[in-house]
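Full structure from sequences and hints, please.
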Amino acid sequence: MSNTSTEQANRFISLKDIKKSSFIALWFMFLTFPIMVIKVNTVNNTVEWRWANMIIIGVASFILSHVWRLFMNRRDGKLSDEQKGGQTVEKLTLRQKLDQKPVVAKSLSYAVLVLAIIFPLISGMYQTSIMITALLYVVLALGLNIMIGLSGLLVLGYIVFYGVGAYTYALLNLHFGVNFWVALPIGGIFAMIIGILIAIPVLRLQGDYLAIVTLAFGEIFRIVLENWNDLSFGPSGIANIPRPTIFGLDLNVSQATNLTYFIVLAFVLVTIFVIKRLEDSRIGRSLVAMREDEIASEAMGIDMGKTKLVAFALSTFWAGVAGVIFAGKTTFINPSSFTMWESILVLCMVVLGGMGSIPGAIVGALIITLLPEYLRAFSEYRMVIFGVVLVLVMVFKPDGMIPSIRQKYEFKKKPESNMKEAE
Amino acid sequence: MNGTYFIELFLGGLTRGSIYALIALGYTMVYGIIQLINFAHGEIYMIGAFTALIVSSVLSFTGMSPVLIFIIAAIAAVVWAAGYGMTMEKIAYKPLRNAPRLSALISAIGMSLFLQNYVLLAQTSDFQPFPDLIPDLAFLKPIETIMNTTQFIILVTTAVVMVVFTLLIRYTKMGKAMRATAQDMVMAQLVGININKVIMFTFLLGSATAAIGGVLISSHIGQINYYIGFLAGIKAFVAAVLGGIGSIPGAVLGGFVLGLTESFGTGYISSDYEDVFAFAILIIILIFRPSGLLGKTTRKKV
Amino acid sequence: MTPVLDVKKLRMDFGGLRAVNDVDLHINEKEIIALIGPNGAGKTTFFNCITGVNKPTAGDVIICPPGATHTKRINGLKPNVITEKGLARTFQNIRLFQNMTVLENVMIGRHTRMHAGIAGAILRNKKTREEEQKVIDDSYEILKKLNLEQFVNELAKNLPYGAQRRLEIARAMATDPFLLLLDEPAAGMNPQETHELVDTINKIRDNENITILLIEHDMGLVMTLSERIYVVDYGKLIASGAPDDIKKDPEVIKAYLGEDTNA
Chain Y
20 MSNTSTEQAN RFISLKDIKK SSFIALWFMF LTFPIMVIKV NTVNNTVEWR WANMIIIGVA
80 SFILSHVWRL FMNRRDGKLS DEQKGGQTVE KLTLRQKLDQ KPVVAKSLSY AVLVLAIIFP
140 LISGMYQTSI MITALLYVVL ALGLNIMIGL SGLLVLGYIV FYGVGAYTYA LLNLHFGVNF
200 WVALPIGGIF AMIIGILIAI PVLRLQGDYL AIVTLAFGEI FRIVLENWND LSFGPSGIAN
260 IPRPTIFGLD LNVSQATNLT YFIVLAFVLV TIFVIKRLED SRIGRSLVAM REDEIASEAM
320 GIDMGKTKLV AFALSTFWAG VAGVIFAGKT TFINPSSFTM WESILVLCMV VLGGMGSIPG
380 AIVGALIITL LPEYLRAFSE YRMVIFGVVL VLVMVFKPDG MIPSIRQKYE FKKKPESNMK
440 EAE
Chain F
-10 MNGTYFIELF LGGLTRGSIY ALIALGYTMV YGIIQLINFA HGEIYMIGAF TALIVSSVLS
50 FTGMSPVLIF IIAAIAAVVW AAGYGMTMEK IAYKPLRNAP RLSALISAIG MSLFLQNYVL
110 LAQTSDFQPF PDLIPDLAFL KPIETIMNTT QFIILVTTAV VMVVFTLLIR YTKMGKAMRA
170 TAQDMVMAQL VGININKVIM FTFLLGSATA AIGGVLISSH IGQINYYIGF LAGIKAFVAA
230 VLGGIGSIPG AVLGGFVLGL TESFGTGYIS SDYEDVFAFA ILIIILIFRP SGLLGKTTRK
290 KV
Chain B
125 MTPVLDVKKL RMDFGGLRAV NDVDLHINEK EIIALIGPNG AGKTTFFNCI TGVNKPTAGD
185 VIICPPGATH TKRINGLKPN VITEKGLART FQNIRLFQNM TVLENVMIGR HTRMHAGIAG
245 AILRNKKTRE EEQKVIDDSY EILKKLNLEQ FVNELAKNLP YGAQRRLEIA RAMATDPFLL
305 LLDEPAAGMN PQETHELVDT INKIRDNENI TILLIEHDMG LVMTLSERIY VVDYGKLIAS
365 GAPDDIKKDP EVIKAYLGED TNA
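Protein chains in written order, with the working numbering: chain Y, 20 to 442; chain F, -10 to 291; chain B, 125 to 387.
Think of the hints as simulated: they come from the structure by calculation, not from any bench. Just so you know, not all the hints are guaranteed correct.
[Unchecked claim] Below, in silico cross-link-like pairs of lysine-lysine (DSS-like), each with a Cα-Cα straight-line distance of 27 Å or less:
{"id": "1", "chain 1": "B", "residue 1": "K360", "chain 2": "B", "residue 2": "K202"}
{"id": "2", "chain 1": "Y", "residue 1": "K295", "chain 2": "B", "residue 2": "K258"}
{"id": "3", "chain 1": "Y", "residue 1": "K35", "chain 2": "F", "residue 2": "K83"}
{"id": "4", "chain 1": "B", "residue 1": "K154", "chain 2": "B", "residue 2": "K372"}
{"id": "5", "chain 1": "F", "residue 1": "K165", "chain 2": "Y", "residue 2": "K416"}
{"id": "6", "chain 1": "Y", "residue 1": "K39", "chain 2": "F", "residue 2": "K79"}
[To be verified] One-sided and incomplete, this derived list gives chain B residues near chain Y with beta-carbon spacing under 7 Å:
{"id": "7", "residue": "F138"}
{"id": "8", "residue": "R213"}
{"id": "9", "residue": "R219"}
{"id": "10", "residue": "M347"}
[Said to hold, decoys possible] Far from chain B, some chain Y residues (derived; all Cβ distances over 10 Å):
{"id": "11", "residue": "S84"}
{"id": "12", "residue": "W247"}
{"id": "13", "residue": "S316"}
{"id": "14", "residue": "M323"}
{"id": "15", "residue": "S355"}
{"id": "16", "residue": "I386"}
{"id": "17", "residue": "L389"}
{"id": "18", "residue": "M402"}
Glycine included, C-beta positions come from ideal geometry on N, C-alpha and C.
The following block contains the structure:
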C-alpha cells in the first residue's frame, strides 16, 4: 500500500497486484466467514450455510482492493508532491478558487440563498419538514464548531444543550403558557447557563478528558429526564407543544411548517453572521490562540478559564435556541431525541465538513442529515453505507470536505501582501 | 445493612468490573500509543461474542462436550476478533496517522457504525440466547446464591489474563517496543522499532482481550445482539479514563471502580440510574484528579 | 531606587526535588540582566515562578513598575494576571501560535490592552473598528522594530527559525511590558543573527524603556549585553556581579567546567 510508486499504479495491473489482491480476498473470506456465511438461530437450533456470500466477499474484496490501492497511491502521490514543492504549490481547492473570485463566490451564495427561500414553495410539506431538521442540524454544527473547530475543546455531549432548549420551551409553555417567541431567547440563555455550569467544574480538564466528561453529563441529563417523571414526564415525553405562529394568526399545519422553515432559515443566517463576526474579533482571536497553545495564550495575558467559559457560552446558546425551534416543529419531545448518538452525529458533521470552517459545517450537516434520508431506497443498507462514507471521507479528505481557511488579518498597507509566491 | 447482600453486590461489582477492565485494556493501549479513542473497540467485543455464539452453536451439533465447545468457541472468538481489530487498523486508522486526531476519531465512529450494521444485516437484529456451556462447579454449590459458576470463571479468567498481559508488556521484546512507542513514537522509530508492527500488535492484543470479555459476559448474561458493543464500549472508555487513559493498571483499576460503583449504586439506591452512577463517579473523580486515578499528572513543560 | 523586580528567597520544590533554592535577585529599571548556569540548573523554573506558570513553594516576587508608588507581591498569581501587570516572557522551546499569521500572533499579545467584548464583536461599532485598526497598526510597528515586517502575513510556522525567535519577542512586547523575560533568545541562531539580536535588545531597552532579564547560554551575547549576571547551579545562586567579575569567579568556573566534563 505504501511503497508502490505512482507510475506503477497508473500502469496496468501487475502480477504483484493480483497476488496482493488475491491474498486480501482470501483474508476477507476468512475474516467474514463466521458472520457472513453461517447464520444460526439459537432459538430453533437451526444453522444456515450461505456459501454464496463467501464468493461474493472474495470477488468484491479482490476488486475493491485494486480500487483502494489506486486511490491510496493517488492520495499519497499528491501528498508527497505537496511536500516536494514547499507549502504553497498545492492544487487550489474549490474554496480557494472561490476566494480569489469574490464575485463568483458572492453570486453563488446569493443563488443558494434564493434557492433556500423558495424551497418550501416548490416542494411539499414533507420535504420542507426534512429541510427544517437539516437546517436545525446546521445550527448545531455551527455552534459546536465554535467549541471544537475554533477553540479546540472536544465536547461530546453537545446535544444536552439542544435538549435544554427544547425542554425549556415545552415546560414553560405547559406550566405558564409561554409562547414560542418568548421561549426562543429564554431557551438559548438557559442552555448557555447550563453550559457555563457544566464548564466551571471541568475547566482544568484537558483534551479527551473534557470530551468524556461532557459525554457523561449528556448521558446523565438524558437518564434523569427519562426517570424524573414529575419534571419531564419520563420517556413518554411532552406532547401538544404549540407550533410557532405569527401575528396571532391561526395557521394550519402546512403553513406552520413553512413558517418554521423560514424561522430556521433566518436563524441559520443570523448564526452565520454572528459567528463570522466573532471569529474576526478580539474574542475570536483569543479562542483560536487557546486552541493553538494554552500556555502561550496565558503568557500573552489571556485568561484561560474565562476564555473557556466564553467558548462554552457562545457555543451552547445556539443549541438552546435550536432546541426551542425543534420543540415547536415536532410539537412533541421526549428524551430519546437527545441521546449520545445525536451528539456524535453533530460531531461527525463538524469534522466531516472541515473543522473550524463555516461552509464546512453547513455542508457536513446537510450531507449527514440528508444522506440517510435519501438513502431510504436502500433502507437496510443505509447505516452500513453511512459508516463506510464516514471512513472514506476521513481517509481521503482528512481535513474535511471544505477545510477551514480562517479569515486572516492581512496587513494591507503593503502592495501584494497575498501569500502566494511560487507557482 | 445485610451482610450477604453486601457481598453479593460486591462480587457482582467485581464481575462487571472484570469485563470493563478487559475491554478497557484495549482502549487504553491504543490510546497510549496513537492517542486515538478507538470508538469501534466495543464492536470488536461484540464480534467476539457473536463469533463464539456461532461457533458454539455449530459445534453443538457434533455432540462434543460443552466445556470443549466453550474453549474452542472462545479461541475462535479471540482469533477472529484479533483479525477484525488488525484489519480495522489497516483500513481506517493507518491512513490517518498523520491526519488531525479528530479525523481518526470520526473514522473510528464510522467503523463502529459499519461493524454494528454489518452484523445486524448478516445475522439478526433479535437477541440471541447464548448457549449455556459452562457446567456448574461442585465446590461453588454452598455459595451459589452469592457467586455462581460463570461469575467465578470470569474472575479467574480476568485475573489470569491480567497476569499474562502484565508479563507480556513487561518482559517480552514486543512489550518493550510497545512501551517505547507509547513514550515517544519518533524516538522508537529512530532506535529501529517497527512502529507499524507495534501498532498492529497493540490492536491484536486489545481485540483479543475484548473478545475474551465478550465471551465471558455473554455466557454470564445469556443473550447477545448486534448492539451490545456500543454501551459496553462507552463504559470501558469511561473505565479507561477513570483510571487515567494510557495507563494499563489504571484501566484495570478504573474497570473495577466502575463495576463496584454501578453494583452498589443499583443495589442500594436505584436501578433506574445505573448509568448515572457510572458517569457521576467519572465526573467526580476527574474533578479532583483531572488525569484520572493513575494517570500521569503531566507537568506542563514550558 | 526601588528595583522593578525584587525576588527574595525564592524556592520551588517538585516533590523531593528542589529546583530553585532560596534565590535572591533584583533588577533596576532599564537594566539588562542575565541569568546563567549549566543545563538543568533551574533557570527556566525560576522564570516559570516569576511568570506564574509554577507557584513558588516559598519566597517573594515583588514588582514595582516604573512610576508606581507601591510595590506589589505577585507570587501565586495566574500567568495572565502577571502579564497584565507588565511582565512578559518568551519561551525557550518556541511556542508561537503556529497556524496564525505573524500579525495575528502579535495582535494576540495586545489582548489584555483591548476592551472589545462579545457585543462589540457582533455589532462591530465604530469604537471596536477603531480599536482593531489601532491594534493592527501598533502590531505592525512592533514587527518593524524586530525586522519582521516582510513576514507580516505569513503563517508563524512557515517562518525561518531565527525569525520565529524574534516573533516571540515581538509578541511579548505587544503586551506592553515594563519587564521582558527572554528565555534563551539566541538559541539556534547563527552568529550574524545573534549579533543583530544584541542590537535589537539594546534598542528595546533604550527606546522602549523596557527592562530585560534573560537566560542565555551564548556567553558572547551575555558578556556584551548584560550589565550584571546571576549564576545559578543546582537551583542555588552561586555568584552575581558584573560580567568581568563573573568570568573570574572560581565557583562559576567550577560549575561550568564540572558540568562540561560530565557532558
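Now the hints, each set against the structure:
no.	hint	verdict
1	B:K360 with B:K202	holds, 25 Å
2	Y:K295 with B:K258	holds, 21 Å
3	Y:K35 with F:K83	holds, 22 Å
4	B:K154 with B:K372	holds, 26 Å
5	F:K165 with Y:K416	violated, 34 Å
6	Y:K39 with F:K79	holds, 15 Å
7	F138	violated, 17 Å
8	R213	holds, 6 Å
9	R219	holds, 4 Å
10	M347	violated, 28 Å
11	S84	holds, 36 Å
12	W247	holds, 34 Å
13	S316	violated, 7 Å
14	M323	violated, 7 Å
15	S355	holds, 34 Å
16	I386	holds, 26 Å
17	L389	holds, 30 Å
18	M402	holds, 35 Å
Hints 5, 7, 10, 13, 14 from the list above are not met by this structure, while the remaining hints are.
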